Structures are given as C-alpha cells and as structure tokens.
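*Asks:* Sequence:
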Amino acid sequence: ERQRFMYLISLIFQGLSRVGMLAFIGFVFLPAWAGHASDLPTVQRCGSNMDYKICKAFSQCSVASDPDCCSRTLMCIADKLHHSDRKNLFDKFVIGSFVVAPFLRTLVAVIIP
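Counting from 671, one number per residue, gives the positions in the sequence shown under this note's numbering.
Quick caveat, the hints were computed from the structure, so don't treat them as lab data.
Here are the simulated distance ranges between beta carbons: (1) Met-691 / His-752: 16 to 24 Å; (2) Met-691 / Lys-723: 19 to 27 Å; (3) Asn-758 / Leu-678: 35 to 43 Å; (4) Arg-742 / Phe-773: 28 to 36 Å; (5) Pro-772 / Val-733: 39 to 47 Å; (6) Pro-737 / Met-676: 43 to 51 Å; (7) Ala-727 / Ile-682: 25 to 33 Å; (8) Asp-738 / Ser-680: 34 to 42 Å.
With a straight-line cut-off of 27 Å between C-alpha atoms, the simulated DSS-like cross-links for lysine-lysine are: (9) Lys-750 / Lys-726; (10) Lys-750 / Lys-723; (11) Lys-750 / Lys-762; (12) Lys-723 / Lys-757.
Predicted, not measured: the structure shown is a model, and the values here were computed from it. Backbone N, C-alpha and C define an ideal beta-carbon position, used for all residues, glycine too.
Input sequences plus hints: build the corresponding full structure.
*Replies:* Okay, here's the thing in structure tokens:
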C-alpha cells in the first residue's frame with residue numbers, strides 16, 4: 671500500500687513539473703504584453719524581474735564589475751526578444767514534448783523489442 675502511494679505521489683509530481691514548466695513559459699515568457707526594451711542596460715531592463723533578483727542574490731555579482739551579470743535569466747531573455755521570436759522558441763519547446771517524445775516512446779515500446 672505504501673509503495674503504491676509513493677508511486678502515485680511521484681506520478682503527480684512528474685505531471686505537475688511538466689505542465690508547470692509549460693504553463694510558466696506559456697503564461698510568463700510568451701505573452702505579447704511582456705515588454706521589449708532591448709536597448710536598455712541589463713539592470714534597468716531586468717531589475718524588476720523576480721528571476722533576476724534571485725540570480726543576483728545567489729551569485730552575489732556586482733553590476734560594476736560585470737554589467738551582464740544574470741542577464742541570461744528567462745525573463746531577461748524574454749525582455750530582449752520580440753514576441754515572434756519568443757513564440758518560435760515556445761513552439762520548438764512544445765514540439766519536443768508533445769510530438770517527438772511520444773514517437774520515441776512508441777518506437778522503444780513497439781518497434782525495438
């Protein structure tokens with residue numbers, strides 16, 4: 671009974687992690703209302719983003735010594751890219767999860783054995 675419960679919990683977490691990441695990218699990274707201000711310095715462009723603040727807190731980097739410190743966080747990248755480029759990245763990410771992965775799973779389960 672305990673093993674079945676642990677299996678169910680792990681299955682729920684796996685599902686939430688997959689859907690959660692896609693939902694985060696779909697609702698936070700992709701939308702057209704996410705700003706586009708690529709000509710501003712990293713601190714001004716990304717300073718209000720939560721992932722930028724977390725990166726700065728953990729890495730403890732100085733903007734004076736490294737102006738591009740934490741400029742590769744997800745929301746900073748979203749601020750740099752136009753909506754069409756963000757949509758292309760999202761489409762490529764989703765194709766891997768929903769098109770290629772089921773095909774490979776079928777290939778491994780049916781054709782290879």
